[in-house]
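Residue-level listing of the chains:
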Amino acid sequence: MRTFPIGGIHPADNKEWSKDKAIEQLELPNEVRIPVVQHIGAPANPIVAKGDKVLTGQLICEAVGFVSANIHSPISGIVTAVDSLPNGQGQRQNMIVIKREGDEWIEGVDLTPKLKRECNLSSSEIIAKIKSAGIVGLGGAQFPTHVKLSIPEGQRAEILIINGVECEPYLTSDYRNMIERGEMLLTGVEILMRAIGVERAVIGVENNKPDAIAHLNTIIARDNYRGIEVMPLKLRYPQGGEKQLIAAVTGREVPPPPALPISVGAVVCNVSSAIAVYEAVQKNKPLVERVVTITGKHLQSTHNYMVRFGTPTSTLLELAGGLPEGDVKILNGGPMMGRSIVDITAPIIKGCSGITVLSGAEAARGKEGACIKCAKCVAACPMGLEPYLISKLARLQKWDMAEEHNTIDCIECGCCSYTCPSNLPLLDYIRIGKQTVMTNIRARAAANNNKK
Amino acid sequence: MNTLVLTVLTLGVLGILLAVILYFVAQKFHVEEDPRIDEVEKMLPGANCGGCGFAGCRAMSEALVTRDNIASLFCPVAGGETMKSIAGYLGKVAPDKEPMVATMRCGGSCDKRPKVNHYDGALNCAVVNTFYVGESACAFGCIGYGDCVSACKFGALHINPETGLVEVDADKCTACGACVKACPKGLFELRKKWPKNRAIYVACRSKNRGAVVMKACKAGCIGCGKCEKVCPFGAISIENNLAYIDHKKCKLCRKCVNECPTGAIKIVNMEPLPKEPKVAPTAKSESKAEETK
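Chains W and Z, in that order, give the protein sequences. Heads up: the first sequence begins at 564 in the numbering used here, then just goes up one per residue. Heads up: the second sequence begins at 514 in the numbering used here, then just goes up one per residue.
Just so you know, the hints here were simulated from the structure itself, not pulled from any lab data. Note that this is a predicted model, so its numbers are computed, not measured. Each hint should be verified, as a subset may be incorrect.
[What the hints assert, rightly or not] Taking lysine-lysine pairs in the DSSO-like style, the calculated list, with each CA pair at most 30 Å apart, reads:
no., chain 1, residue 1, chain 2, residue 2
1, Z, K706, Z, K731
2, Z, K706, Z, K605
3, W, K662, Z, K728
4, Z, K605, Z, K762
5, W, K860, Z, K628
6, W, K930, Z, K666
7, Z, K685, Z, K764
8, Z, K761, Z, K694
9, W, K955, Z, K694
10, Z, K694, Z, K610
11, Z, K694, Z, K728
12, Z, K709, Z, K728
13, Z, K610, Z, K597
14, Z, K705, Z, K761
15, W, K613, Z, K728
16, Z, K610, Z, K728
17, Z, K739, Z, K761
18, Z, K762, Z, K731
19, Z, K706, Z, K764
20, Z, K720, W, K662
21, Z, K628, Z, K597
22, Z, K739, Z, K628
23, Z, K610, Z, K705
24, W, K961, Z, K666
25, W, K961, Z, K685
26, W, K961, Z, K694
27, Z, K764, Z, K709
28, Z, K705, Z, K685
29, W, K584, W, K677
30, W, K613, Z, K720
31, Z, K761, Z, K666
32, Z, K628, W, K930
33, W, K955, Z, K666
34, Z, K555, Z, K685
35, Z, K762, Z, K742
36, W, K961, W, K939
37, W, K797, W, K662
38, Z, K762, Z, K610
39, Z, K761, W, K1014
Using the sequences and the hints given, assemble the complete structure.
Written as structure tokens, this is what we have:
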């Protein structure tokens, strides 16, 4: 069975808490907050003002530039404010607040559950539809999908890889999507193949989800989905990383930045995104909701909810029986890459695949010791970096040396911190190094441009 | 015995020979350097802090000697007197600069700005800043892990364990600006240094609206504008819900201090005006972060 060649770890996957919970439709929230940034790239420009009446699925923020994404109203109602409000990290962001009145959709959206398989649109029409629906990578990175699908001139896609790995512990939203919405997923994959003009698609699924693999294989055989293959992958974190998945499936290595996956002929897309693509292209439904897992060992109940964007995190926590006693850590995402949430009034956004609640004891970091040069982090790093060294360089603010040691290749998977026997906060410092080195590189490029 | 004599002779002759070669090489490749550069370097404090903008004191003294106009060059560590004597030595016009002092503009001590979460990561302000706003609800306030303290080469900064805030020792501060660069929240400013280390400044950087500020911190500036109205010198401006006292215009008249409803305007080494004794006198030399009520 295949997997990526270097590094990686085996954290306890903890999927059993929520993997058998069917997707439930969450009651529509009475008020939503929609941040204007829910993607990588330029913030979208709000085109509604206080007092405007909006329908579900109506465009409320327009993409600015190519790497940006539209944002649509997830409920129908009245815009009560366009204001800067705290996000999960307590930072203030420009958000649109909408108070709900009923649930009236815009015209032209097909809300029936019937599968619509045939698609005769051209590649550019499909990409235009995906762009207007505001679809971004729902695995967490929130990279606008239409940008990925627009293949630069002179390059050619050979394979479409669908990311059904979900290597992050605890989270089960992609798994539930594969189990319950398999037909939609496979139709979405067909559409994506058409959009980038490839004959072959591989759905990578880790072997801790045998029923998802079997289920998808059954549908493929039954409904004759040509060119789509489900590839079981050996369980290993961070297999869901774009470069790791490409390496696992094709055996090709993506060169360091600024090279993109397309340079080895691969386009990668998450399963939830593929379903969103199906809904956008075949049903004209913009991206207004997603499956969010709410999970944790100490919660009274765990769920997989279909959640409209902008729903407060606190709503999900209440439905899971409230926060457990004592100290807790609430994560947007899973325990490896999730960001902790300090303000539970913050909205669920496009990239939020789950809310994980850990107890204080589970989340506590051990006492920091000294680096014993055991090189466990080097063995664990899936990018082949030297985390102990980069971390130290960033701590000492030796930015030039950090750049020489390829700090910007880091994918922030957290394997180094996880594996460190001295509990060093390796990734914390590497992240600073990465940010600073990126800033320096951009400043240098800008200076060079000015000279010319 | 023979070996010993031979060794001494060989090495001695070799030494003399090489010395002669080196002498001629030194003559041939002699670099003509202004001897004044060495002199000026001796006059500079030798801290090599980079506060002047040059790589070190040597680079600064080269610039001082070679440039015709040195009005833009200033060593914050040495101060005005030394700069004047250097200018006198070089026969140039000394830069006219007032002494400055670093000022930490956050008054959100532990009791005024309660912690709302617990942080467990690397104890470094820049790291905290990449994660989230910090342990209090204020996105602009001091994080308190001391990036500035480790950046300061003169030991002028320390964290007061009672308030959790950074305090500046004005006597040690050389206004090199390292802390200004180190603080991820941009809390430091180089302000005019008054005699006896007196100072008045707004100890808050929160650009949030008043209601939001009050929720997060009892010592924050709510942008009410009372101080702006009362200032007779037009030194105070309000921008983005935040008052700012221009240290070039401020005359330390202290009228604004009693007006401030939250005590965000800090007064250092001075008694407040007697009219409304809202603000208790602060006595210690570095009492900027000390609580006033």
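- [ ] Mind checking the alpha carbons of K555/Z and K685/Z for me, to see if they're no more than 30 Å apart?
- [x] Status holds; Cα separation ~21 Å.
- [ ] With a cut-off of 30 Å on the C-alpha distance, tell me whether K610/Z and K705/Z pass.
- [x] 10 Å, holds
Open item on the list: Against the 30 Å threshold, does the CA-CA distance of K961/W and K685/Z hold or violate the hint?
Closed with: Answer holds: K961/W to K685/Z is near 27 Å, not above 30 Å.
Open item on the list: Can you confirm whether the C-alpha distance between K762/Z and K610/Z stays at or below 30 Å?
Closed with: 15 Å, holds
TODO: Measure nothing beyond the straight line between the CA atoms of K720/Z and K662/W; if it is 30 Å or shorter, mark the hint as holding.
DONE: Holds, at about 27 Å.
TODO: Verify the proposed pairing of K610/Z with K597/Z, using a straight-line Cα cut of 30 Å.
DONE: Roughly 10 Å separates the two Cα atoms, so the pair holds.
TODO: Starting from K930/W, check that the Cα of K666/Z is at most 30 Å away, please.
DONE: 29 Å, holds
Open item on the list: With the threshold set at 30 Å, check whether the alpha-carbon distance from K961/W to K939/W stays at or below it.
Closed with: Since the Cα atoms of K961/W and K939/W sit roughly 23 Å apart, the hinted pair holds (cutoff 30 Å).
Task: Satisfaction of hint between K709/Z and K764/Z, Cα-Cα up to 30 Å - done: 14 Å, holds
Task: Straight-line alpha-carbon gap K610/Z to K728/Z, limit 30 Å - done: Violated - the C-alpha atoms of K728/Z and K610/Z are around 41 Å apart, more than 30 Å.
Task: Pairwise hint evaluation, K761/Z against K739/Z, where the allowed Cα distance is 30 Å at most - done: The given pair, whose Cα atoms are some 20 Å apart, holds under the 30 Å limit.
Open item on the list: Against the 30 Å threshold, does the CA-CA distance of K706/Z and K764/Z hold or violate the hint?
Closed with: 12 Å, holds
Checked against the numbered hints listed earlier, the structure breaks hints 12, 16, 21, 37 and 39; every other hint is satisfied.
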